[in-house]
Every structure is written in C-alpha cells, then in structure tokens.
Amino acid sequence: MKPSRSLPESSLLFAFVAGVLLTSAVGLVAFDVQPAGADRGPNPEHPPHSYSYGGGSCVAPDRADTGWAHEVATGTSRTFTANLTVVHDADEKLNVSFETRRPGVYVLDITAVESDRKTGSRDCTTASTIEFAAGLPTKYERVEIRVSGETVETIENDGYTPGELWTFAWNTNTSGSA
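Counting from 1, one number per residue, gives the positions in the sequence shown under the UniProt record's numbering.
Be careful, since some hints might not be right.
DMTMM-like mimics (lysine to aspartate or glutamate), calculated; alpha carbons at most 20 Å apart, straight line [claimed, not checked]:
(1) LYS139 to GLU99
(2) LYS93 to ASP123
(3) LYS139 to GLU156
(4) LYS139 to ASP158
(5) LYS139 to GLU45
(6) LYS93 to GLU150
(7) LYS139 to GLU164
(8) LYS93 to GLU131
(9) LYS93 to ASP109
(10) LYS93 to ASP116
(11) LYS93 to GLU114
The hints are simulated quantities; they were obtained by calculation from the structure and are not laboratory data.
Produce the entire structure from the sequences given, and follow the hints as far as they go.
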C-alpha cells in the first residue's frame with residue numbers, strides 16, 4: 001500500500017480559516033468598514049465641547065472685542081479651540097451656546113445678558129474672556145462665531161491637515177459702553 005499524499009485535515013482547516021480571515025480583512029479595508037469598537041470620531045449632530053468663562057474684568061479698550069480660533073486634525077476628529085474677549089456692561093454676563101445647525105455646520109454663540117450681580121466696574125471698559133474647545137468630525141463644513149447676533153468670524157474647513165490659526169477683531173460693542 002502506498003502512503004497517502006493528501007494534506008491532513010488540520011492543514012485544510014487552517015487554510016480555509018486563513019482564507020476567510022484574509023478575505024474579510026481585505027473587504028473591510030476596501031469598503032471602509034470599521035469594527036464595532038473602532039473610534040469613528042465625534043457624533044456630528046452633538047460634538048463634545050466645553051468652555052471656561054472669566055468675566056467682569058477691566059481691560060484696555062484696544063484688547064476688547066478680539067479673538068482667535070485654532071483647528072487641527074487629531075486622528076478621527078478635528079480639535080477646534082477659540083478664545084474671545086468680549087466687551088459688555090458691568091451688570092451683564094456672557095451666555096455661551098454651541099449649536100448644530102445641521103451636521104457639519106456649527107455656531108458658537110455668545111450673548112451679553114443681565115446678571116444678578118455686578119461683574120465689572122463702571123469706571124473702565126468691562127469685558128469677559130471665553131475659552132472654548134470642541135471635538136468636530138474631520139469633514140465638518142464650518143463654525144460660525146457670533147457675538148450678540150453678529151457673525152464675527154466664519155471658520156471654513158478646507159481639509160488642510162496641519163493646524164490653522166485665525167485671529168480676528170470686531171468693532172461692534174456688545175453693550176454700547178466703552
């Protein structure tokens with residue numbers, strides 16, 4: 001009797017499993033399918049964001065109503081930060097909101113509102129500083145920065161990967177003071 005030249009069953013099973021795994025991996029890459037636990041980036045309808053607020057301080061008039069924004073790609077998201085110094089009356093504070101107009105279009109809205117307590121001095125230009133950060137989807141369209149209903153800057157996502165910095169100033173005074 002001649003010895004059998006067929007492959008052992010375990011080798012066939014290994015080849016089958018390896019083929020299935022390799023085909024699955026190629027299919028996932030080709031169709032940009034991500035495993036269930038993969039980081040898909042922030043939710044475009046409700047991106048994570050936070051801000052800090054320091055207010056009611058006397059500032060030099062030339063430092064008021066100014067700001068900057070920064071955006072940089074960070075893996076599966078874009079980190080967006082902004083810093084604004086906004087003039088307001090001594091008896092006002094700033095209300096900050098971040099809204100999604102539609103996925104990919106966001107509005108950072110800052111409005112002066114009456115405060116229960118006096119936050120600044122009537123003897124100087126009173127302003128508050130907002131520091132804001134958000135994790136946006138990599139393909140967001142734009143962020144509009146509005147102060148008291150006026151768009152002071154629109155940040156367009158041009159897809160450029162390294163960081164970008166915008167500085168801006170506006171002459172509209174939120175309270176009529178100064």
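Against the structure, the hints come out as follows:
Between LYS139 and GLU99 the alpha-carbon distance is near 17 Å, which keeps this suggested pair within the 20 Å criterion. As the CA atoms of LYS93 and ASP123 are separated by approximately 17 Å, the hinted pair is consistent with the 20 Å bound. The straight-line distance between the Cα atoms of LYS139 and GLU156 is roughly 11 Å, inside the 20 Å bound, and the hint therefore holds. A threshold of 20 Å between alpha carbons decides the hint, and for LYS139 with ASP158 the separation of about 9 Å falls inside it, so the pair holds.
This hinted pair checks out: LYS139 and GLU45 have alpha carbons roughly 13 Å apart, not beyond 20 Å. Distance check on the hinted pair: LYS93 and GLU150 sit about 17 Å apart at the alpha-carbon level, within 20 Å; holds. Proposed proximity of LYS139 and GLU164 is supported: the alpha carbons are some 15 Å apart, at most 20 Å. Between LYS93 and GLU131, the direct Cα distance comes to roughly 15 Å. Compliance with the 20 Å bound is thereby established for this hinted pair.
For the hint linking LYS93 to ASP109, the alpha-carbon distance of about 14 Å falls within 20 Å, and the restraint holds. Proposed proximity of LYS93 and ASP116 is supported: the alpha carbons are some 9 Å apart, at most 20 Å. A hinted pair counts as satisfied when its Cα atoms are at most 20 Å apart, and LYS93 with GLU114 qualifies at roughly 6 Å.
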